[in-house]
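The lines below spell out each chain.
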Amino acid sequence: MTRDRVAKLSLYAILVAGLLVVVGPFLWMLLSSFKTEAEIRSVPPTWWPSTWSLGNYRDLFDRLDFPQYFANSAIVAVLVTLGNLLFCSLLGYALAKLDFPGRKALFLVVLGMLMVPGMVTFVPQFVLVSNMGLANSYAGLVLPFLAGPFGVFLMRQFLLAVPDDLIEAARVDGAGEWRIFWRVVLPLCKPALATLGILTFLSSWNNFLWPLVVATTDDKYTLPVALALYAIGQNRIYYGLLLAGAVVVVLPVLIVFLALQRHFMRGIATTGLK
Amino acid sequence: MTAVLTRPAEAGRVAPAGKRRRKWVGWSFAAPFTVLFLVFALLPVIASLVMSVTDMRATDLRTPLSVNFVGLDNYTRLFSDDLFVRSAINTLVFVGLGVPLTIVAAMAAANGLNSGLIRFRALFRVGFYLPVVTSIVAIAVIWRFLLDPEAGLVNNLLAQVGITGPNWLGDTSTSLGSIIVMAAWRNFGSLMVIFLAALQGIPTDLYEAARLDGAGRWQQFRRITLPLMRPALLFGAVITGIGYLQLFEEPLVMTQGGPLSSTLSVSYHIYNQFGFGNYGYAAAASYVLFVAVVALSVLQFRLLGSRDD
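Residue numbers (this note's numbering), protein chains in the order written: chain A, 1 to 274; chain B, 1001 to 1309.
Since the hints were derived computationally from the structure, they do not count as laboratory data. Heads up, none of these hints are tricks.
Within a straight-line C-alpha distance of at most 20 Å, the following computed SDA-like cross-link-like pairs (lysine to any residue) qualify: (1) Lys8(A) with Arg1121(B); (2) Lys1023(B) with Leu159(A); (3) Lys1023(B) with Ala175(A); (4) Lys104(A) with Asp164(A); (5) Lys8(A) with Trp1218(B); (6) Lys104(A) with Ala1031(B); (7) Lys97(A) with Ala1031(B); (8) Lys8(A) with Ala1108(B); (9) Lys1023(B) with Ala170(A); (10) Lys104(A) with Lys1023(B); (11) Lys97(A) with Ser1028(B); (12) Lys8(A) with Asn1111(B); (13) Lys1023(B) with Arg103(A); (14) Lys8(A) with Asn1114(B); (15) Lys8(A) with Arg1217(B); (16) Lys97(A) with Val1025(B); (17) Lys1023(B) with Gly102(A); (18) Lys8(A) with Gln1220(B); (19) Lys104(A) with Leu1036(B); (20) Lys8(A) with Ala1215(B); (21) Lys1023(B) with Leu108(A).
Stretch-level coverage of chain A by chain B, calculated; a stretch enters the list once three of its residues show a Cβ under 8 Å from a Cβ in chain B: (22) 18-29; (23) 42-54; (24) 86-100; (25) 114-122; (26) 201-211.
Using N, Cα and C, we set each Cβ at its ideal position, and we do this for glycine too.
Between the sequences and the hints, there should be enough to build the whole structure, so can you do that?
Right under this line is the structure:
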């Protein structure tokens, strides 16, 4: 009995210590974003703010154009997510349930793309987007991410498990192929679409390198880009502003994640990708 | 009307006419993705390969046909480029130390959460997963504060037990190590979820039988958990390895590859070469990285068999 309790207590101790190491820095960031600039720079550092101030958050509006960056991040993430949901479920359905010439080759090529490092495509993509006249535009930020191989893989795997009878029954009833897709297949895909939607939204929200090179003026910066450029570009950096900015970047993600974490966990556990 | 007429044929064996029609229906579903994919993914992959056997530079962009074919020159030059060799060593060290560290942390967390006597399991899981979904820029902001040699939390905690902490990111002997720990901290949560799913697939009566035979916790872990987790562990090692081979954002936001190139990775080196306008050379380096990733992936398929279907 007592040995069990010792084991249980030590397990809790280890897990709580681990949680502190992982979540502690985030808590410190949140608390510090309410501190004054002087307190943030003080040695030794403090945990609890001696005076609570919203000044850092006001600075996000006064010194930077944060509502604009926030809107840009949201616009890009929503468009990329909608595009992937549509295009990946279309192709995923075709690959899983329809027979057409070149199907196998197409799947292999799309799957193979998962192995291609970002650096291989980075510059040709940039040259392409620039030559299309899309540098520093929403289209330039969105287009290269609209059709991701990961989504095709996810949707195809999900649809392979859907019984053919349902689709065959609709076909026998005389429904057209597109009608079957919208009315029968898509509603069945809701769980997979939820997983794909969340994962795509997050990776777009957190995307850094591409918007860093494509967005060249203030009005097209996404949140991470604006924050990073502020951190390296200014003569005098306000650390409080950086911390408040980091909170604003993390907060929407945290809310989405907490509300929908079940879909996340399933998506990651089944595909092994984030 | 046509649907009604063709129904008997379709209900039996698919008629040739229906089959042909179905062929084009398939492509009409596949076409939107395929067009985007061809233009924004496949074309760049091929363009990169072509660039890698030319002496193309940024100044050739307007007259791309004036570049010269140089064969494998770019590839052979790579291996006599000290900076590339340095970045390759850094990347291998990062993969070699980072992957085991990430796996051990993920295994510990998954086993802790799966031990059955834990309350607030969801809270722990969400907490451990939080860094995975956080923007690298926000993480950099936090970690640069944590690792600040004077005002940072880490060194002030060390000072309380009488240790003078180093300048973590500013010293060549600790910079790469700091990046490795940070990457493991950031990524172990996603492996933890995969491992948790695998752990939950192990039948509990195996453990009960082992307990009846007098096996302790450690023995149960070694004789049951580890062998049955082997596929998940291997899979986790390979996907983490593939990700870590492409190390880029961490040094970009934390150290800019410094000090003295001690955190320069292969991807970062490629990025710099592109920045200098050496397109052909950078493309060749990116294909070397590509080959390394493919080699790791092939290893995965060999070890695990195809996960497809």
